[in-house]
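Those sequence lines, one after another, are chains A and B. Its first residue numbered 1, the first sequence is counted upward by one per residue in the UniProt record's numbering. Its first residue numbered 1, the second sequence is counted upward by one per residue in the UniProt record's numbering.
What the hints contain is simulated information worked out from the structure, not anything from laboratory work. You can take every hint at face value.
Any copy will do: because identical chains look the same in the list, a pair fits if it lies in one copy or spans two.
Below, in silico cross-link-like pairs of lysine-lysine (DSS-like), each with a Cα-Cα straight-line distance of 27 Å or less: (1) Lys320 with Lys338; (2) Lys320 with Lys98; (3) Lys422 with Lys407; (4) Lys231 with Lys349; (5) Lys154 with Lys320; (6) Lys98 with Lys329; (7) Lys96 with Lys320; (8) Lys172 with Lys379; (9) Lys231 with Lys413.
There are 2 protein chains.
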Amino acid sequence: MVDHVSVGLLGLGTVGSGVVRMIDSNREELQHRVGCPVYIEKILVQDIQKERLVSIKEDWLTQKPEDVLENTGIHVVIEVMGGIELAREYITLALKNKKHVITANKDLMALHGAELLQVANENGCDLFYEASVAGGIPIIRSLVDGLASDRITKIMGIVNGTTNYILTKMDKQKRNYEEVLKEAQSLGYAESDPTSDVEGIDAARKMAILSTLGFSMHIHLDDVNVSGISKVTQEDIEYARQFGYTLKLIGNAKKDNGKVEISVEPTMLPDSHPLASVNDEYNAVYVYGESVGETMFFGPGAGQLPTATSVVSDLVAVVKNMRLGVNGKNAVGPQFSKQLKEQSEIQGKFFYRLHLKDEAGAFSAITSLFALHEISLEKLIQSPVNSTGFAEVVIVTHGTNKNQNNKVYNLLKDSDVVQEIKSHYRVEGA
Amino acid sequence: MVDHVSVGLLGLGTVGSGVVRMIDSNREELQHRVGCPVYIEKILVQDIQKERLVSIKEDWLTQKPEDVLENTGIHVVIEVMGGIELAREYITLALKNKKHVITANKDLMALHGAELLQVANENGCDLFYEASVAGGIPIIRSLVDGLASDRITKIMGIVNGTTNYILTKMDKQKRNYEEVLKEAQSLGYAESDPTSDVEGIDAARKMAILSTLGFSMHIHLDDVNVSGISKVTQEDIEYARQFGYTLKLIGNAKKDNGKVEISVEPTMLPDSHPLASVNDEYNAVYVYGESVGETMFFGPGAGQLPTATSVVSDLVAVVKNMRLGVNGKNAVGPQFSKQLKEQSEIQGKFFYRLHLKDEAGAFSAITSLFALHEISLEKLIQSPVNSTGFAEVVIVTHGTNKNQNNKVYNLLKDSDVVQEIKSHYRVEGA
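Chain A on its own, in the form it takes in the complex (with noise of 0.2 Å):
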């Protein structure tokens, strides 16, 4: 049986150095979870004099990969270092060393997340990767382990905890996004060119992972369908609070009927859903399992130490199948083949916020425009004619398709009497 364990990590930057202060400060811990002694061996870092925030032994920095990944003293390889292209080229050949692999990457698991796992399993080796979804949250674990044994048709999150962010203080504190996303910015919460977090990538990414676990099904990146927050308005909150919703970026993934359909995008969610009270720079991952029902789990989307606590998880995993020897063993492949929804299967609710032109009859050409589709109206508000000549109008629709809503949205914007569509939202409900 396995008597110790080496691990070399890729990467020392924030969640690497939150790695090794784990490993150092709960030695003890760690090793009567695994029953036996774990080490760093080696540290791949791009600059060995860089000053460090955690404390290291000298030796365990090198600037040579080949010093971790054909170590033959490591058995574990922890990827903390980000990016694409040089992750994937390291990990894959870790894997043919035969090492173990934890990653908090993803970016490269929503990208080529199949293929890593596919070179895993022929070298019988252990590809984890919690942290890569909402950080300090086992919301993996959970999908694969705890809710097994149901069939699980809905997955919603709120998975990038910047936007979350940007979006809590501007309905809290009633300030607009340039304002707020500067104060993220500031504070560290979103990054100087902010582009992935704000306009969903970065979410996307998470819940092509999620709705993979989660459907049994190889979801890619591309097909999800994406918006971001960069065009939400004060205006919109306003009106969504006035209509008893929250609006969120809502990552949403549903199946019915074997298929599927997966999306980021800003949405107006009932005050009264779970997922509506998660504030700040939390994340919350939403599941309804055909027999569980309803479950929610809440926690830090990322950080340092967060993130450090679903790497070190998933190497106590790791270690707990070496020293059981079943190593690669585990690991369950999609069992079905993917099938995605036509725009005419995609059932919504829709929220369309309108300027219309000061004309006799603009309204109703609006109201039997949707009548016309068999798109009937559940909540409607028309303000007066303000000065500078429109009136605004606020629509929510009944339940209809997307292929449906789409027609209407189309000829709302090549129509005579509207002047813009100044928001256009998903609405969450029946």
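Given the structure of chain A, go ahead and fit chain B onto it with the hints provided.
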């Protein structure tokens, strides 16, 4: 390698029928997940003739325990009969006959869990009990695996659906305890003898199980300080609301410097606490880990299919272990020996509602009593003397320790100016 798995059930009540239904209706998914077919072999029932709500094969049913417990064709025994002594005897026998066991029995696990896990260990068998706490929420797995690498310092739970239903209705509909209890009984949410639920005993059993796992320390039911909700009044709930609190029955387990406190009691939670918005019959467990920070797991606490989901997820784990030949090898016993805090080491804030006699100096006698014991007051409301001749005073203290608070409580009880201590609760917060 194992090419099929046969299951025996002890009991075919609500949960048992749910388990049969799930094994039957998800047959293909189950086989895909575990790699071999899973069959039901025998079900022990009290009455073979009784009509069943789930479709069963006639030769499944038996009234002889040995048909399950001594049946060499059965690999896994699922105990869903409830009760304590007989269940303990059957499970022990099953384990000694090298059968893996899954149980949903919190009463049994809270009282005899350590002993049964020991028997399982000696016989190289798995004994899993996810369904015993918080029905559909995979909380045991999350504590054992998902947060495996962290040091958990706090577990707070709404782990009894009946009391949460009652308190939610009292709060939202401003109705009194007796009325809502009766409604809950007629809806089947509360039993005809509701003692175990409303007096907090059921919740205490679950907290003993959760804190044993979370703190890696053997916590017994007797270590839990319990008080129930049967004396909660509408007045208390209204004061709570006025102060920005929600009154919930909270299981509270804390670890500081290696020593623990565990209680179940009506507690005033700040409205912003993640547990404050968990309503109706839902359960939730809030876990604080040194590294991960705040996490919360939310879902149905009971019900046929949610509980069956946890049982069948345990079955998936047992069968995977069988296929790998590693049953009974993954269990980790408590790392630490139990150390309970002294009363003087338990910190808290407290709520008092007092009726004072209409006497000069009564109010100042009370406030100086707190001051004398170095307890300062955070909130205080004094209502004028009413027609029945007493004044109501409501107090929330700042943080103090339980020893000091007990002294003040006893002095208030014996004080000449206090007509009655109407209520006294813990208040969550620093």
